[in-house]
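K.L.:
Going line by line, the protein sequences match chains A and B.
Per this note's numbering, the very first residue in the first sequence carries number 1; after that it's consecutive.
Per this note's numbering, the very first residue in the second sequence carries number 1001; after that it's consecutive.
Don't read these hints as lab results, they were simulated from the structure.
No experiment lies behind these values; they were computed from the predicted model shown.
Be aware that a few hints might be false.
Calculated lysine-lysine pairs in the DSS-like style (CA-CA distance at most 27 Å, straight line) [claimed, not checked]:
#: 1; chain 1: B; residue 1: LYS1151; chain 2: A; residue 2: LYS373
#: 2; chain 1: A; residue 1: LYS49; chain 2: B; residue 2: LYS1151
#: 3; chain 1: A; residue 1: LYS355; chain 2: A; residue 2: LYS110
Simulated restraints on C-beta separations [said to hold, decoys possible]:
#: 4; chain 1: A; residue 1: VAL278; chain 2: B; residue 2: LYS1337; range: 19 to 27 Å
#: 5; chain 1: A; residue 1: GLU266; chain 2: B; residue 2: PHE1053; range: 41 to 49 Å
#: 6; chain 1: A; residue 1: ARG118; chain 2: B; residue 2: PHE1053; range: 41 to 49 Å
#: 7; chain 1: B; residue 1: GLY1183; chain 2: A; residue 2: ARG158; range: 50 to 58 Å
#: 8; chain 1: B; residue 1: ILE1096; chain 2: A; residue 2: MET33; range: 19 to 27 Å
#: 9; chain 1: A; residue 1: ARG158; chain 2: B; residue 2: ASP1090; range: 42 to 50 Å
#: 10; chain 1: A; residue 1: GLY240; chain 2: B; residue 2: ASP1090; range: 41 to 49 Å
#: 11; chain 1: B; residue 1: PHE1053; chain 2: A; residue 2: SER312; range: 40 to 48 Å
#: 12; chain 1: B; residue 1: GLY1250; chain 2: A; residue 2: ARG158; range: 29 to 37 Å
A few chain A residues that don't get close to chain B, going by computed Cβ distances all over 10 Å [what the hints assert, rightly or not]:
#: 13; residue: ASP192
#: 14; residue: ILE237
#: 15; residue: ALA292
#: 16; residue: GLY344
#: 17; residue: LYS373
By construction, the Cβ of each residue, glycine as well, lies at the ideal position given by its N, Cα and C atoms.
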Amino acid sequence: MQELERAGMGSTRVTRKGNNVVLLEKDLQTEQMVLAMGPQHPSTHGVLKLECLTDGEVVTHAEPYLGYLHRCFEKCCENVDYQAVIPYTDRLDYLAGMNSEFAYAITVEKLLDIEIPRRVEFIRVIVAELNRIASHLVAIGTYGIDLGAFTPFLFCFRDREIILSLLEWASGARMLYNYIWVGGLAYDVPADFNKRVMEFVTYFRPKTVELYKLLTENEIFVKRTRGIGIMPADVAINYGWSGPMLRGSGVKWDLRRNDPYSIYPELDFEVPVPDGKVSDIGDCLSRHLVRALEMDESLKIIEQCIQKMPSSEGFNARSAVPKRVRPKAGEVYGRAENPRGELGFYIQSDGKSTKPLRCKSRSSCFVNLSAMKDLSKGQLIPDLVAIIGSIDIVLGEIDR
Amino acid sequence: MGNSLNAWSEALVGFTPMGLPLGLVILAAIPLVFIALYSLTYGVYGERKISAFMQDRLGPMEVGKWGILQTIADILKLLQKEDIVPTSADKFLFVIGPGVLFVGSFLAYAVLPFSSSFIGASLNVGLFFAIGIVAIEVVGILAAGWGSNNKWSLYGAVRSVAQIVSYEIPAAIALLCGAMMAGTLDMQKITMLQSGSYGFAHFFLFQSPIAWLPFLIYFIASLAEVNRAPFDIPEAESELVAGYFTEYSGMKFAVIFLAEYGSMFMVSAIISIVFLGGWNSPLPDIGSFALNAWTNGPVWGVFWIIMKGFFFIFVQMWLRWTLPRLRVDQLMYLCWKVLTPFAFVSFVLTAIWVIYVP
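Generate the whole structure from the sequences, applying the supplied hints.
P.N.:
This is the structure:
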């Protein structure tokens, strides 16, 4: 009888008749189903695999499986020169190659302790912010697709195309740039670059409003994202979240402000965090909002950079580029604010070689994704898709 | 030419093996099949062009002028594809699934009056038949989803069945409002009751002050019944890969795809028949300009109903390319807690209107 009562606490239903316990029904729970979501699934954004345990449509447990895109980035770095690592960094977060190069370049410059021309800094910030906008456009567009809205995606890609052609004009490549070098740039920007960038800025301002009206303010979109996948600020910090994810939880943390690098301290821009009016702090909508608002801030930064930029007279983009990068023995950790969060490089040098002894990258997506298990518990499958989309993962950076 | 065609059709009418009017059935079926096939061929083409227009693209441009023949090329391509049946699938269910789906969506065409002199089967319970026959699609979807032996397909099928069965209730009640105003379930009679020299003013939508409510309810519910956005959760490609037809390829896939467009036109035609006068011209007579009389007639009828149907298909596409998708529970909430109560309200109000106001 006691056994039955104990069982009654679980999945078996019992009832009392006088002093006797009568078994009503054994194991009311339905069978759980293992659902392999990915690596070939439209909304896992690449080759992420989630092994879900589902009870009907409710996901009781989700385990991410990684490594389908592993390319030994860190081992490769140990076998090439410092300068030759840069093309590899492009392939980490392939949607924001400029930002990855930027992070790597400032890390090695920290190790070398070299001074770089001021114009280089401005150009770096411009291309990095342009790339941030492009990356956020992909994030927002694909998030729309995840929730079933196809049109915003194509609007985003139309505008992203302009950025890509601008960056192609400057560097010669559309996605994998190899433009920001240690100590400088591959080339100076083309003659009319600033004018065309300003044209883009004036063109793009109204488009952000259009996107906001089409997607962010959409009743169904809000219903699908508001209050879904809430991550409290303290848990987010414990997980090591960064970037729009952490800001979505209400923490005003932006490395461009909190650990300033390059010329960011001279520039005037806001760090957008949700105020809890249109979204619940920490939910999917907040993360989406942060990205949408950051695009406006990036436009502001680009405008200021173009106004303040020193002229190209007597400028050589490679003047400070060392012939051979051979830092003193030591180690350094450098980080930059990427579209997806903090991208850090930890580099060890033995002082003799022109190749890094160790090059570890701290990937923001990987850290952000680690909370998936917590976030997905008890969610419906459509909400799981919404959550993955709001994390905005790029598998190139997760698997490295 | 005309004479020989007449003689040919009369000979066909006389074809009654074993006392069954098979010839008559064939005679009615030929134009119906053509209307259905044309509407869905250009439905698919229109969808691609309209979505392209909304998304700043060109859409199909290569096959024929402006890509007009794209759908035909697609069908030809799909015909040549290998017909794959997964080894672990339930072969019987897997094969009959698309067929049942296709039949279910096209059977309702039989009772749609395309003009004053052309209706496939003039049933006196035509509307009831049209509502009921759509439910056959559920069997096809369930067979396809279960027979595929794929978890995503199963999810899609379960969702789809839940959705279609639920949304039939508000849809049917909304249509009943129209039937009450007409006092008959015969589709042809419902249409005839809406004709008159004032054109659109005779349509049921403008005949009573509350008709817009069942009209709106039926339109929303019909979106869910044919699995169109924002209610396309059974085939939600970002969640369930492709829902119940994940495993289908080649012509079986094409059949499912065409069935979807077939039912899109079917619900659009039903809503135009019950609320917007079917084959009646919407143009009113203005003084001596007998616009209504000029634009009515058997051939004009076909034109009007197809135009009205295409208008609703356009609205469906417009919605699809604008809105995100609802979640499963939100969909059910909308059906049971919003649409169904309002459908009952409109039912009662229409009943009062019909009884107490002329």
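K.L.:
All the hints need checking, so say for each whether the structure fits it.
P.N.:
Here is what the structure says about each hint:
Distance hint between LYS1151(B) and LYS373(A) is fulfilled; the C-alpha atoms sit about 21 Å from each other, no more than 27 Å. Proximity of LYS49(A) to LYS1151(B) is assessed by CA-CA distance (about 16 Å); at most 27 Å being required, the pair is judged to hold. With a C-alpha separation of about 16 Å, the suggested pair LYS355(A) and LYS110(A) falls inside the 27 Å cut-off, and the hint holds. A hinted range of 19 to 27 Å holds for the C-beta pair VAL278(A) and LYS1337(B), which are about 25 Å apart.
In this structure the hint that GLU266(A) and PHE1053(B) lie 41 to 49 Å apart at CB holds, the actual value being about 45 Å. Take ARG118(A) and PHE1053(B): their Cβ atoms lie about 48 Å apart, and the range 41 to 49 Å holds. For the pair GLY1183(B) and ARG158(A), the supplied restraint of 50 to 58 Å holds, since their beta-carbon distance comes to about 53 Å. The hinted window of 19 to 27 Å between ILE1096(B) and MET33(A) holds, with their beta carbons roughly 25 Å apart.
ARG158(A) and ASP1090(B) have their C-beta atoms about 45 Å apart, which keeps the hinted 42 to 50 Å range intact. Range check, GLY240(A) to ASP1090(B): Cβ separation about 48 Å, and the 41 to 49 Å hint holds. Roughly 43 Å separates the CB atoms of PHE1053(B) and SER312(A), a value that falls within the hinted 40 to 48 Å. In this structure the hint that GLY1250(B) and ARG158(A) lie 29 to 37 Å apart at CB holds, the actual value being about 34 Å.
Residue-level check passed: ASP192(A) sits 25 Å from the nearest beta carbon of chain B, beyond 10 Å. With a cut of 10 Å on Cβ distances, ILE237(A) stays outside the contact zone with chain B, its closest approach being about 30 Å. Look at ALA292(A): its CB is around 15 Å from the nearest CB on chain B, clear of 10 Å, so calling it non-interface holds up. Even its closest Cβ contact with chain B, about 32 Å, leaves GLY344(A) beyond 10 Å, as expected for a residue assigned away from the interface.
Distance check for LYS373(A) against chain B: the nearest CB is about 20 Å away, which clears 10 Å, and the non-interface claim stands.
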